[in-house]
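Number of protein chains: 2
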Amino acid sequence: MHIRIVRYAIKIGYDGSHFNGFAMQPGKKTVEGEILKRLIKTKMIENRKQCKFQYAARTDKGVSAFGNVIALNAKVNPAKVLQGMEDIWVTGYAIVEKNFNPRHASYKIYRYYLPNEGYDVEKIKKAAELFEGEHDFSSFARKDSRNTRRKIYRVEVKERKAGEVIKIDFIAPSFLWNQVRRMVAALAAVGKERASIEDIKEALNGKRVNFGLMEARNLVLLDVIYDIKFKRILPGQLAVKKEIYKDAFDYISNATHSWNVGFRKPVE
Amino acid sequence: MHIRIVRYAIKIGYDGSHFNGFAMQPGKKTVEGEILKRLIKTKMIENRKQCKFQYAARTDKGVSAFGNVIALNAKVNPAKVLQGMEDIWVTGYAIVEKNFNPRHASYKIYRYYLPNEGYDVEKIKKAAELFEGEHDFSSFARKDSRNTRRKIYRVEVKERKAGEVIKIDFIAPSFLWNQVRRMVAALAAVGKERASIEDIKEALNGKRVNFGLMEARNLVLLDVIYDIKFKRILPGQLAVKKEIYKDAFDYISNATHSWNVGFRKPVE
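The listed protein sequences correspond, in order, to chains A and B. Quick note on the numbering used here: the first sequence kicks off at 1 and runs consecutively. Quick note on the numbering used here: the second sequence kicks off at 1 and runs consecutively.
In isolation and in its complexed conformation, chain A is listed as follows (with noise of 0.2 Å):
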């Protein structure tokens, strides 16, 4: 009997703080290397190896995703054994091309949740025009040997209310390391006029300026797309977190007793 191996690409998003980082290290909970430990487990691989496993983004200790995507080979779809997992949730899963590596994306979408510490909201939009068309962003990363002439496509700035979270979207083909980090710093700082959107002007036409780092846990990376459509799933547990954080900030923030969030007054 002859049986067919097939590549997948699976999307997985994870909560950031459970882990550090994506990439495999010794002795160390990473979210590849949870996946790998499973993969082996269940006998759906031998090694990483073997598989051809391969990532869209290596994301730093501390962030999170919702869409990050592996591939690898096997006899049958290694989504299902991936479910049950902690702490990592299957959103997805494609039959994709014996070539394909999620590494050569269409684009990525890498959101940052930046609490409004009375930042000028107005200020960041402006700014964060900026970052868009192609710019030398050897002032937005940390240095390694990859040319920082990059293409962001879109920065999008959106605050639903005041003193809530601003939420900040980059929509760019690929990353530097802590890019995304860096220009939210600098439009954080133009937000509470500590720099000023010449400084970002400056700064994208080769004057060196550091900005600082924002945190990695407030990062997100939303999704990465390409040519292929994915069938979605979605995660139970993910319901019962989304319902546990929501009370939490509600129950936290409006109730100065527990009368006040809809309980009668109990029977004695």
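Hints were generated in silico from the structure; no laboratory data involved. Certain hints may be false.
[Said to hold, decoys possible] Below 25 Å or equal to it, Euclidean Cα-Cα: the simulated SDA-like pairs (lysine to any residue) are:
#	chain 1	residue 1	chain 2	residue 2
1	A	49	A	77
2	B	229	A	247
3	B	61	A	21
4	A	37	B	18
5	A	246	B	121
6	B	158	A	253
7	B	37	B	6
8	B	246	A	58
9	B	231	A	247
10	B	80	A	253
11	B	98	B	6
12	A	126	A	177
13	A	158	B	237
14	A	29	B	38
15	B	28	A	21
16	A	80	B	62
17	B	161	A	239
18	A	246	B	85
19	A	61	B	239
20	B	29	A	215
21	B	158	A	254
22	B	229	A	254
23	B	61	A	62
24	A	41	B	217
25	A	29	B	62
26	A	61	B	246
27	A	41	B	17
28	B	28	A	33
[Claimed, not checked] Pair ranges (Cβ atoms, derived):
#	chain 1	residue 1	chain 2	residue 2	range
29	B	193	A	146	52 to 62 Å
30	B	26	A	98	45 to 55 Å
31	A	177	B	148	52 to 62 Å
32	A	61	B	115	22 to 32 Å
33	A	246	B	174	22 to 32 Å
34	A	129	B	52	56 to 66 Å
35	B	174	A	61	32 to 42 Å
36	A	129	B	236	22 to 32 Å
37	A	229	B	23	45 to 55 Å
38	A	98	B	177	52 to 62 Å
39	A	75	B	193	37 to 47 Å
Only a predicted model underlies this, so the values are computations on that prediction, with no experimental measurement involved. The beta carbon of each residue, even a glycine, is placed where N, CA and C say it ideally should be.
Please build the complex by placing chain B on the supplied structure of chain A, with the hints as guidance.
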């Protein structure tokens, strides 16, 4: 100079998935362990005994809380040094009597988040009423030395929309070990017609019935209530976490493609 030592009650919340339960255990990350470590490191206290450290509820591994309560003696308010902790949120504090023991609460509120996998919610509501009042809960507790005759003030079943998570609140002066998770298992069995209202009645009238035990990660200690007014604190990170989980759920459940979630087509 004489510095007055004062007893503080501090409300704390935590996501249970980050800890091996509340109670301290050598070599394991627990809520109590992390708190004591922090208090000792910041020289707030010398050790557990010296400060008369006490807590309201020893929640099991996986269980979360919005308002568990600890109490300790200190020279200055310990809420501040606990505020910067990872995965533990200080949500309020109060200065209390020298002999305050958080174990002695007016009542506690637990909430169970039951993912609605096709339950008959009306049946669950009907069965939930049976638990109110005073009963022998020996069928709904992991055995320990305590008296199983207990009083429940109220059980409330909340369902906003069909298909969503059902929230079941339990209000009582005290709970037996695993009691909420066992009561919910019985309600779930009735809601799936694996057990009848009669079965619960019989169990509350002395017959030993094992309805099973629901998983810990969907259980939250919502609050512990005393005749004390706590000064509330809203932890900033909670707003971000709430937004991340809300977006994760919305994004993963609605999106078939990112254009659908409000992005304009990127500039090429």
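Quick rundown of the hints versus the structure:
At roughly 18 Å between alpha-carbon atoms, residue 49(A) and residue 77(A) fall within 25 Å of each other, so this suggested pair holds. For the hint linking residue 229(B) to residue 247(A), the alpha-carbon distance of about 21 Å falls within 25 Å, and the restraint holds. With a C-alpha separation of about 24 Å, the suggested pairing of residue 61(B) with residue 21(A) holds against the 25 Å cut-off. For a cut-off of 25 Å, the pair hint linking residue 37(A) to residue 18(B) stands: about 20 Å separates their Cα positions.
Taking the CA atoms of residue 246(A) and residue 121(B), the gap is about 22 Å. The hint holds against a cut of 25 Å. For the hint linking residue 158(B) to residue 253(A), the alpha-carbon distance of about 21 Å falls within 25 Å, and the restraint holds. Our distance criterion of 25 Å between C-alpha atoms is met by residue 37(B) and residue 6(B), whose separation comes to about 20 Å. The suggested pairing of residue 246(B) with residue 58(A) holds, with an alpha-carbon distance near 24 Å, which does not exceed 25 Å.
Among the hinted pairs, residue 231(B) with residue 247(A) is consistent with the structure: their alpha-carbon atoms are about 19 Å apart, no more than 25 Å. Between residue 80(B) and residue 253(A), the direct Cα distance comes to roughly 18 Å. Compliance with the 25 Å bound is thereby established for this hinted pair. With a CA separation close to 7 Å, the supplied pair residue 98(B) and residue 6(B) stays within the 25 Å bound. With a C-alpha separation of about 24 Å, the suggested pair residue 126(A) and residue 177(A) falls inside the 25 Å cut-off, and the hint holds.
Between residue 158(A) and residue 237(B), the direct Cα distance comes to roughly 18 Å. Compliance with the 25 Å bound is thereby established for this hinted pair. For a cut-off of 25 Å, the pair hint linking residue 29(A) to residue 38(B) stands: about 23 Å separates their Cα positions. The hinted pair formed by residue 28(B) and residue 21(A) meets the criterion: a straight-line CA distance of about 21 Å does not exceed 25 Å. Proximity of residue 80(A) to residue 62(B) is assessed by CA-CA distance (about 23 Å); at most 25 Å being required, the pair is judged to hold.
Between residue 161(B) and residue 239(A) the CA atoms are separated by roughly 13 Å; this keeps the pair inside 25 Å, and the hint holds. Proposed proximity of residue 246(A) and residue 85(B) is supported: the alpha carbons are some 20 Å apart, at most 25 Å. Restraint check for residue 61(A) and residue 239(B): the C-alpha separation of about 20 Å stays at or below 25 Å, so the hint holds. A C-alpha spacing of about 23 Å is found between residue 29(B) and residue 215(A), which places the hinted pair at or below 25 Å, so the restraint holds.
Taking the CA atoms of residue 158(B) and residue 254(A), the gap is near 19 Å; set against the 25 Å cutoff, the hint holds. As the CA atoms of residue 229(B) and residue 254(A) are separated by approximately 14 Å, the hinted pair is consistent with the 25 Å bound. Between residue 61(B) and residue 62(A) the CA atoms are separated by roughly 22 Å; this keeps the pair inside 25 Å, and the hint holds. Simply put, residue 41(A) and residue 217(B) have alpha-carbon atoms about 24 Å apart, close enough for the 25 Å limit, and the pair holds.
Note on residue 29(A) and residue 62(B): the hinted pairing holds, with a Cα-Cα distance of about 18 Å set against a maximum of 25 Å. Taken as a hint, the residue 61(A) and residue 246(B) pair is honoured in the structure, with Cα atoms around 22 Å apart against an allowance of 25 Å. Between residue 41(A) and residue 17(B), the direct Cα distance comes to roughly 23 Å. Compliance with the 25 Å bound is thereby established for this hinted pair. Between residue 28(B) and residue 33(A) the CA atoms are separated by roughly 21 Å; this keeps the pair inside 25 Å, and the hint holds.
Under the hint 52 to 62 Å, the C-beta atoms of residue 193(B) and residue 146(A), about 60 Å apart, fit the expected range. Range check, residue 26(B) to residue 98(A): Cβ separation about 51 Å, and the 45 to 55 Å hint holds. About 58 Å separates the C-beta atoms of residue 177(A) and residue 148(B), a value consistent with the hinted range of 52 to 62 Å. Separation of residue 61(A) from residue 115(B) is about 30 Å and conforms to the stated range, judged on CB atoms against 22 to 32 Å.
Against the hinted window of 22 to 32 Å, the Cβ-Cβ separation of residue 246(A) and residue 174(B) comes to about 28 Å, which satisfies the hint. Separation of residue 129(A) from residue 52(B) is about 57 Å and conforms to the stated range, judged on CB atoms against 56 to 66 Å. One distance hint, 32 to 42 Å for the beta-carbon pair residue 174(B) and residue 61(A), holds here, with the actual separation near 41 Å. For the hinted restraint 22 to 32 Å between residue 129(A) and residue 236(B), the CB-CB distance of approximately 27 Å keeps it satisfied.
At roughly 48 Å, the beta-carbon separation of residue 229(A) and residue 23(B) lies within the given 45 to 55 Å, and the hint holds. Our hint of 52 to 62 Å for residue 98(A) and residue 177(B) holds, since their Cβ atoms are close to 54 Å apart. At about 39 Å, the CB distance of residue 75(A) to residue 193(B) agrees with the hint of 37 to 47 Å.
Consistency note: the structure conflicts with none of the earlier hints.
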